[in-house]
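Q: In terms of the numbering used here, the sequence shown has 263 at position 155, counting the first letter as 1, and numbering is strictly consecutive.
A few of these clues could be false.
[Stated by the list, open to error] Just the calculated beta-carbon pair ranges, DEER-fashion:
#	residue 1	residue 2	range
1	Q159	N237	25 to 31 Å
2	G151	K205	15 to 21 Å
3	K173	G211	30 to 36 Å
In short, the hints are calculated from the structure, not lab data. Note that the Cβ used here is the ideal one computed from N, Cα and C, for glycine as well.
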Amino acid sequence: MNKILMIFLTALLTGCVTSTSNKAENEQPAVRLLAPNTLKHNGKIYYLKKQVDLGPVARYVYFSKNESAKNWSSLIEVFFDKDESRTFEERIKLREKSFETSGIKHFNLTEKAPYLYSFVIHSPSEKFNNWQINVAKGKNVEDCGFVQYQYSQIMPKSRKLAKMSKVKLIGYLKKYAVDKEMAYLTTQDWDWKCTK
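Start from the sequences and build out the full structure, keeping to the hints where you can.
A: Here is the structure:
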């Protein structure tokens with residue numbers, strides 16, 4: 109589980125972080141996302157349990173009440189990139205390159221102004237026995253940066269899934285998990301704000 113999260117975080121950070129000069133870093137004001145303590149997704153409440161601020165980017169991780177990074181079935185991550193100058197096209201190209209480098213084969217990144225939508229289907233690995241889906245919706249927030257809401261869900265191996273060919277299984281996960289969650293994301297618009 110953690111390996112897949114780290115691969116996706118690496119992909120996101122690769123798409124967010126660029127090398128900048130010390131002068132540019134010094135000129136950039138200290139902007140902080142006002143992340144809520146709870147988020148609601150499809151009627152389920154998630155609680156902010158982890159924050160990581162790496163300077164130009166930050167990550168906020170939400171779990172349901174009794175879940176944690178070591179034991180979860182679904183979670184929400186909010187990624188915050190303070191670089192307002194990067195275009196969606198640049199973000200897409202960087203993420204595609206990162207996913208391909210990481211061996212992730214089932215993903216899609218789509219710009220539908222003013223949003224950037226994406227999904228990733230993670231296959232089981234030696235360390236992680238289950239399938240996982242990630243669906244995300246991001247946007248540029250004025251005087252803030254790029255903010256992305258991502259919902260991740262573990263899809264446990266079941267007899268039904270085990271009997272499917274890989275092509276059929278990917279189609280099944282896309283139709284019954286990814287598309288369902290993506291439909292939910294398209295109806296949501298969070299009012300992200302920052303403070304300086």
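Q: Check each numbered hint against the structure and report the violated ones by number, ascending.
A: The structure breaks only hint 2.
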